[in-house]
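Asker: Chains as they are written, first to last, in my numbering: chain A, 94 to 1068; chain B, -8 to 82.
Hints are computed from structural coordinates only; laboratory data are not their basis.
On a predicted model such as this, the values are computed, not experimentally measured, just so you know.
A couple of the hints might just be wrong.
[Claimed, not checked] Below, computed lysine-lysine pairings styled on DSS-like, alpha-carbon distance capped at 30 Å:
(1) A:Lys955 <-> B:Lys77
(2) B:Lys71 <-> A:Lys368
(3) A:Lys954 <-> B:Lys77
(4) A:Lys412 <-> A:Lys467
Here is what each chain is made of, one letter per residue.
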Amino acid sequence: MNARLSGGLIDRSKPLSFTFNGRTLQGFEGDTLASALMANGIRLVARSFKYHRPRGIFSAGSEEPNALVTLGTGARAEPNTRATMIRLPEGLVARSQNHAGPLGFDLWSVNDLAAPFFAAGFYYKTFMWPRAFWEKLYEPAIRNAAGLGRLSMQPDPDSYDKGFLHCDLLVIGGGAAGLAAALTAGRSGAEVVLADEDFRLGGRLLAESDPLDAATAADWVAKAEAELRALPNVRVMPRTTVFGVYDHGVYGAVEEVSDLPGAPLRQTLWRITAKRAVMATGATERHIPFRDNDRPGILLAGAMRAYANRWAVTPGAGKVAIFTNNDDGHRTALDLQAKGVNLLGVIDSRAGATPFGDYPIFAGGRVTGTSGRKGLRAIRLSWNGREEELSCSALGVSGGWNPNVQLASHHRGRPKWDESRLAFLSHGGPEGLLPAGAAAGEGSTAQALASGQAAARAALEQLGTPAADTPLPQGEDRQIRTEAFWHVPGKGRAWVDFQNDVTVKDIKLAHQENMRSVEHLKRWTTLGMATDQGKTSNVTALAVMAELTGRSIPETGTTIFRPPYTPVSLAVLGGGDTGKDFRPTRLTPTHHWAKAQGAVFTEVGQWMRAQYYPQPGETHWRQSADREAMAVRSAVGLCDVTTLGKVDVQGPDAAEFLNRIYCNMMGTVKVGKARYGLMLREDGFAYDDGTCARMGEEHFVVTTTTANAGLVLRNMEFARQCLWPELDVTLISTTDAWAQIAVAGPRSRELLSRVVDDFDLSTEAFPFMGCAELTVCNGCPARLFRISFSGELAYELAVPARYGHALMQRLMEKGADLGVTPYGTEALSILRIEKGHAAGAELNGQTTAQMMGLGRMVSVKKDSIGAVMSRREGLAQDGRRLVGLQAVDPQQAIPAGAHLLATGAAQTMANDQGWVTSACYSPHVGGHIALGYLEQGEARMGETLVAANPLQDQQIPVRIVPAHFVDPEGDRLRD
Amino acid sequence: MLIPHPLLGPRDAQEFTYLGDAALMQRPDPQAGEAAFADYVFQRDNPAGVHRELWYHEYGDRSWLVVTRDTTTHEILGAKLARNVKMGLPE
Chain A
94 MNARLSGGLI DRSKPLSFTF NGRTLQGFEG DTLASALMAN GIRLVARSFK YHRPRGIFSA
154 GSEEPNALVT LGTGARAEPN TRATMIRLPE GLVARSQNHA GPLGFDLWSV NDLAAPFFAA
214 GFYYKTFMWP RAFWEKLYEP AIRNAAGLGR LSMQPDPDSY DKGFLHCDLL VIGGGAAGLA
274 AALTAGRSGA EVVLADEDFR LGGRLLAESD PLDAATAADW VAKAEAELRA LPNVRVMPRT
334 TVFGVYDHGV YGAVEEVSDL PGAPLRQTLW RITAKRAVMA TGATERHIPF RDNDRPGILL
394 AGAMRAYANR WAVTPGAGKV AIFTNNDDGH RTALDLQAKG VNLLGVIDSR AGATPFGDYP
454 IFAGGRVTGT SGRKGLRAIR LSWNGREEEL SCSALGVSGG WNPNVQLASH HRGRPKWDES
514 RLAFLSHGGP EGLLPAGAAA GEGSTAQALA SGQAAARAAL EQLGTPAADT PLPQGEDRQI
574 RTEAFWHVPG KGRAWVDFQN DVTVKDIKLA HQENMRSVEH LKRWTTLGMA TDQGKTSNVT
634 ALAVMAELTG RSIPETGTTI FRPPYTPVSL AVLGGGDTGK DFRPTRLTPT HHWAKAQGAV
694 FTEVGQWMRA QYYPQPGETH WRQSADREAM AVRSAVGLCD VTTLGKVDVQ GPDAAEFLNR
754 IYCNMMGTVK VGKARYGLML REDGFAYDDG TCARMGEEHF VVTTTTANAG LVLRNMEFAR
814 QCLWPELDVT LISTTDAWAQ IAVAGPRSRE LLSRVVDDFD LSTEAFPFMG CAELTVCNGC
874 PARLFRISFS GELAYELAVP ARYGHALMQR LMEKGADLGV TPYGTEALSI LRIEKGHAAG
934 AELNGQTTAQ MMGLGRMVSV KKDSIGAVMS RREGLAQDGR RLVGLQAVDP QQAIPAGAHL
994 LATGAAQTMA NDQGWVTSAC YSPHVGGHIA LGYLEQGEAR MGETLVAANP LQDQQIPVRI
1054 VPAHFVDPEG DRLRD
Chain B
-8 MLIPHPLLGP RDAQEFTYLG DAALMQRPDP QAGEAAFADY VFQRDNPAGV HRELWYHEYG
52 DRSWLVVTRD TTTHEILGAK LARNVKMGLP E
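Chain A on its own, in the form it takes in the complex (with noise of 0.2 Å):
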């Protein structure tokens, strides 16, 4: 184990255990994973994807291209998470990934032999021949191989949830400009979201030993956050990285709530609108590639500096240098100097360069090589024309920092190069989103503290919020110079991008190749792809590639970022809406009496309804839904049919307004009466029926079928809004809002007759088609509307929703001596087919009412929506009619779906003659029936035909009969 250095901010107090690749170590309070692996001498914490290289810690921020581990165990088990943003809980389990064998001794490393084969594009180049085997061979043997971690294949155990933040000031990153920003913000009285990906607020101040003013900088982050804390108008989000930018200043985040296994939380996905942003998101350090420069035990030199100051910590036990194009280098060697830490030297690639204290200098040298198998043993320095080998253990690596403007490129925005600061910055970003600090190349903590106010002021005036008197901190204010140095030239290969395993010689090959874009180069290469979006690689790459071309980099291209700004799991994208929770699930009034009498429920759309009641010996469903049949057609049946969708229309104009809406005429119903209605939209296919019911001179009640509640209201509200705003009438949707059940059968009246208060069921008094408004047992209001779905005398019966249970029961009891026997929606389907009603197969929006045989239902007196195009030559000429079909053998099942051929004819599209919409086994008719529609069907009764299931190789011979299995004259509907 390391020594820890002195200071820093872990807690000393509170040890933590957890495992790594199965071995316990220890760690602190405030460790990170990565600070935890480093103070235990771990160097080797990864491989590399395509070479199996051994990798380790290379950055102490969400930028980490190397240190990928899987979290967790079971289903729990999460690849791919960044060591350096993992804050260390007691028992954390994690384990390395991407490798064969153990960590150590990675069979797969032979990738890193066989090196010169791997070269950019090489998928594309090698495995072409033979072509079969590429599904059969490369590609599975490549999978295996490839790829990062693994998931555990198992559902995510864990919860997950979504909300909404408004704010006048979002404030993203909680660093030196975001502190400031939200200070200065919060005292004005704004309403202010403060959020950092980090689990401290500080950003890079807790990587820095400068005081502000006489405290330390992680003092006055402190007093800093307990102020904002305090405010009412704050809200300080730890933990939450704000991902992406959206439309009109909205903003995604997810906040980590808990890391704890099994906690109730785990991550809620924020949507944030937010007046104004400020984009404080800092800056993040580049490296400058050299041969061999991947071994664990070189990192970017800020990171080792914030390793030191923040988490006490060294990545090597021996000496430690730095190899820097810039002043912000020699930073971190006074910081670890300062520390204790050995320091071999600063390899300053400057040759003019100084020391800024008491160390060894090497201006104007490089490093040119390393060694080290599984962790970095030597370098080699090439400096006044000699090359030797220096032995260290660590090495810090500077090429300057790129503003981190991510954010800004989400609205399309691209970064502009700044020659003085040698960095891109944001430019043409979303409106409201103001850069600050670092992250708009204002990098000393007195230029970050400032800017970031200036930025919340210029919010505040914008938003007409006078801003409050802030005094800010001293900070220091150093001036970094740096000299442009993007890679030193030589042999072997020099890694730009960790993560894709991609080298200067892989660029130089793209280029080679003609790959002359920036984003043809980044496809070829696949630099700046997967978990780290090329944060440490996608500049240093774009350098490279202008310095082959003989261009500038403003030349060369820039380079623009989409959200993620990191990964963010699919699970709290979801936020809880998997599963029985993806969608709201609807219960119709009776669905706890059903469910108590055992009823199998199916889903209707989100509705659950009762499918069929099962009974004691009954051990098919069949079964139960032909008794259940029967017994509407002998007796009396109960079906909640509440899931139909329920518009109430009112106003003078009610009648008009539905004339256009029918396509049939419906401004001649008589008060008390209800009448079939079809709607067609508007290219003149026919799309929802129901039923229209005039409860007075200006008002009806409009039924449509459970599947187009929705859809119906939209489109008659958009009818009544943007058509006919003149007409006089209004909506509303009513379908929770009353309970409706079928009473059908020949005993229905006999059964109403036991719970209506004083009323006349008699035909002539309510006769078929009727409707009424009235009470039921004794006082409760109701409606009432005499139709039939199922053929037989029959009746539908609504009350208040939640007298919907309590009527049922009446009703079962009432209904008892008769035979009453609930029914689900396969004994409605059977009923409903038998008497050839239309339902959703024949309504599939490709037909018309002329094949339902309804075409005279069109009315040519008056205009309605479809009405003109149902008449185009296409559709008129259409010859396909609604017919009924029985099987010739009445034992053979009918499958719906199945074509309509002539006996013998071949199964060809050019024989086709037509399709089985519905099928069932009627016990009405004693043997399989369907539904079709079949070319001029009126004409063709009694002829034989075949279904054909070509997908099941079956052919069933099927007669052709009227679309009326019962009671075709309708004598007992009107009875």
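Got chain A sorted already, so can you dock chain B onto it with the hints?
Answerer: Here is chain B on its own, set in the frame of chain A:
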């Protein structure tokens, strides 16, 4: 996306159902014949730039709105009640 509802203020686009070209409000006269209806039913403008479109506040007050939106930037230049637009009424 936020839609500035003329009665309810800014509302999240998730509360709305999108229909498209506001020209759908110009239903031809029933006497205009099949060709006019074919045009109305099947021909739509889909410009890159400023577009007048119909949005339905389905999970809200069920207003149909005419929203003027730049399809290239998603900037919303205005939203009016379709009813008022059709009747030529002020806001």
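Asker: Would you check the hint for Lys955 of chain A and Lys77 of chain B, treating anything up to 30 Å between C-alpha atoms as holding?
Answerer: This hinted pair holds, its Cα atoms lying about 22 Å apart.
Asker: CA of Lys954 of chain A to CA of Lys77 of chain B, is that 30 Å or under?
Answerer: With a Cα-Cα distance of about 26 Å, the restraint between Lys954 of chain A and Lys77 of chain B holds, given a limit of 30 Å.
Asker: Lys71 of chain B and Lys368 of chain A were given as a pair; does the straight-line alpha-carbon distance stay at or below 30 Å?
Answerer: Holds, at roughly 22 Å.
Asker: Please work out if Lys412 of chain A and Lys467 of chain A have their alpha carbons no farther apart than 30 Å.
Answerer: holds (17 Å)
Every hint from the earlier list agrees with this structure, and none is contradicted.
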